[in-house]
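J.: Letter by letter, the chains look like this.
Number of protein chains: 6
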Amino acid sequence: MPYVTVKMLSGRTVEQKRALIEKVTEAVSETVNAPKENITVFIEEMEKTDYGQAGVMFADK
Amino acid sequence: MPYVTVKMLSGRTVEQKRALIEKVTEAVSETVNAPKENITVFIEEMEKTDYGQAGVMFADK
Amino acid sequence: MPYVTVKMLSGRTVEQKRALIEKVTEAVSETVNAPKENITVFIEEMEKTDYGQAGVMFADK
Amino acid sequence: MPYVTVKMLSGRTVEQKRALIEKVTEAVSETVNAPKENITVFIEEMEKTDYGQAGVMFADK
Amino acid sequence: MPYVTVKMLSGRTVEQKRALIEKVTEAVSETVNAPKENITVFIEEMEKTDYGQAGVMFADK
Amino acid sequence: MPYVTVKMLSGRTVEQKRALIEKVTEAVSETVNAPKENITVFIEEMEKTDYGQAGVMFADK
Numbered sequence: 001m002p003y004v005t006v007k008m009l010s011g012r013t014v015e016q017k018r019a020l021i022e023k024v025t026e027a028v029s030e031t032v033n034a035p036k037e038n039i040t041v042f043i044e045e046m047e048k049t050d051y052g053q054a055g056v057m058f059a060d061k
Numbered sequence: 001m002p003y004v005t006v007k008m009l010s011g012r013t014v015e016q017k018r019a020l021i022e023k024v025t026e027a028v029s030e031t032v033n034a035p036k037e038n039i040t041v042f043i044e045e046m047e048k049t050d051y052g053q054a055g056v057m058f059a060d061k
Numbered sequence: 001m002p003y004v005t006v007k008m009l010s011g012r013t014v015e016q017k018r019a020l021i022e023k024v025t026e027a028v029s030e031t032v033n034a035p036k037e038n039i040t041v042f043i044e045e046m047e048k049t050d051y052g053q054a055g056v057m058f059a060d061k
Numbered sequence: 001m002p003y004v005t006v007k008m009l010s011g012r013t014v015e016q017k018r019a020l021i022e023k024v025t026e027a028v029s030e031t032v033n034a035p036k037e038n039i040t041v042f043i044e045e046m047e048k049t050d051y052g053q054a055g056v057m058f059a060d061k
Numbered sequence: 001m002p003y004v005t006v007k008m009l010s011g012r013t014v015e016q017k018r019a020l021i022e023k024v025t026e027a028v029s030e031t032v033n034a035p036k037e038n039i040t041v042f043i044e045e046m047e048k049t050d051y052g053q054a055g056v057m058f059a060d061k
Numbered sequence: 001m002p003y004v005t006v007k008m009l010s011g012r013t014v015e016q017k018r019a020l021i022e023k024v025t026e027a028v029s030e031t032v033n034a035p036k037e038n039i040t041v042f043i044e045e046m047e048k049t050d051y052g053q054a055g056v057m058f059a060d061k
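Residue numbers (the working numbering), protein chains in the order written: chain A, 1 to 61; chain B, 1 to 61; chain C, 1 to 61; chain D, 1 to 61; chain E, 1 to 61; chain F, 1 to 61.
So here's chain A without its partners, still in its complex pose:
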C-alpha cells in the first residue's frame, strides 16, 4: 500500500518501464509518507483501437 496503476499506449521499452516504476515509487513515497517497500506499481498497456476521446478512436486521429 499504496498501489499505483499506470495505463498507457503500448510501445514503451523495458528501460522506460523500469524507470517509470522507480520514479513513480519515489514520487508516491515522498508525498504521502509511505515506505518504498510498501508501494506496488502495475503497468497496463492499451492499443490505439481500444482508446478514444471526444468520440473518436485514437487510431483514427
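What the hints contain is simulated information worked out from the structure, not anything from laboratory work.
Don't take every hint at face value.
For identical chains, the list gives no copy identity; a pair is met inside one copy or between any two copies.
[Unchecked claim] Cross-link-like lysine to any residue pairs, in silico, SDA-like; alpha carbons within 25 angstroms at most: (1) 36 x 56; (2) 61 x 3; (3) 61 x 15; (4) 61 x 13; (5) 36 x 49; (6) 61 x 47; (7) 61 x 37.
Knowing the structure of chain A, use the given hints to seat chains B, C, D, E and F on it.
T.: The following block gives chains B, C, D, E and F in isolation, referenced to the frame of chain A:
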C-alpha cells in the same frame, strides 16, 4: 471526465469498436451533461478462459 | 458481458444516473451486438480532490 | 454481483484458472451470502515487466 | 501477487468482510499455487444507484 | 494519456494529495516521454476493513 471502460470478450472488429466509442460517448454526453470533448473511452478485452459466471469458466459453457 | 464502468465527478442526480445506465446500455448493445440483458453498468464517483490533470488537482482549477 | 477480479502474473494453465474460478466463487458465496449464480470472476494477467514492488521491476528480481 | 478485488453492494458487516478476505485468500492460494503471504484482497462497495443490469438501475428493481 | 490511479488507505490531507498529483505527474512525464498536459491522476481511498493481506483484514493488524 467522465472516463468510460468497456470490458468485453475479444473478437470485435475495429469497425465495431469505432462505433462503440462514438455511440457510448454520445450516450454519456447527453445523460450527464458533459461535453463530448471531455469524455474518454477505454476498451478492455478478455479471453474466454479469463471469465467465469456461477463458478464456471466461460470457455466451458 | 459487456461490463461498463463510468467514472465521473460526484454530484449527478439519481435521474441522471438512471438515464446514463439506460442509454449507455443501448449504445453498447447496438454497436457490439450484445443483448441488453447481458450488459452491466457500474458508476464510480470521485471527489475534486481525488482527480488531477497536467499535475494540477481539479479542486484547484 | 459480486464481481471478483484476480490480477496475477501470466503463465497459469487453463486447469488452474478453471479451479480458481470455481473455488473463489464458492468462497465468496459462502462468506457474503450471495448465490453462486450471481457471482462473476475476471482474471487479468500481467507480464513481469509490467509489475514492480519497492521501485524494482519484477523482471529484475 | 495475486491481487484480488471484490466489488459488491454495500451493507456487509465487518465479520462478513473478515471471512471474505480469509476464505478468498485460501481459495486463490490453493488453486494457483501462490503463498498466502503474497495475496492481497481489496473490497469495493457500490450503492444501488450506481449499478445497473439490462439498462435498469438496481435501485429500481 | 497516461492515466494513473493511486489506491491507498484513506486519511491523507488535501496538501498530500496535491503534492502526490504534482510529483507523480512529473515522474510519469519524465520517464515515458509524455507531456504533462496529457497525464491524468486518480486517487482512490479505501478503508481498513476493505483491505487484507495474507488472509488478514488490515483493521485487525
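J.: Could you run down the list of hints and mark each one as holding or not?
T.: Against the structure, the hints:
1. In this homomeric assembly, residue 36 and residue 56 come within 25 angstroms of each other (Cα to Cα) only across copies, at 10 angstroms, whereas the closest approach inside a single copy is 39 angstroms.
2. Proximity of residue 61 to residue 3 under the C-alpha cut-off of 25 angstroms is restricted to the inter-copy arrangement: shortest distance 19 angstroms between copies versus 32 angstroms within a copy.
3. In this homomeric assembly, residue 61 and residue 15 come within 25 angstroms of each other (Cα to Cα) only across copies, at 15 angstroms, whereas the closest approach inside a single copy is 28 angstroms.
4. For a Cα distance limit of 25 angstroms, the shortest separation of residue 61 from residue 13 qualifies both inside one copy, at 23 angstroms, and across copies, at 18 angstroms.
5. For the identical chains of this complex, residue 36 and residue 49 are inter-copy neighbours only, at 18 angstroms across copies versus 35 angstroms inside a copy, given an alpha-carbon limit of 25 angstroms.
6. Taking the shortest Cα distances, residue 61 and residue 47 sit within 25 angstroms of each other inside one copy (13 angstroms), while across copies they are farther apart (28 angstroms).
7. In the homo-oligomer, the alpha carbons of residue 61 and residue 37 lie at most 25 angstroms apart only across protomers (14 angstroms), although the nearest pairing inside one protomer, at 41 angstroms, exceeds that limit.
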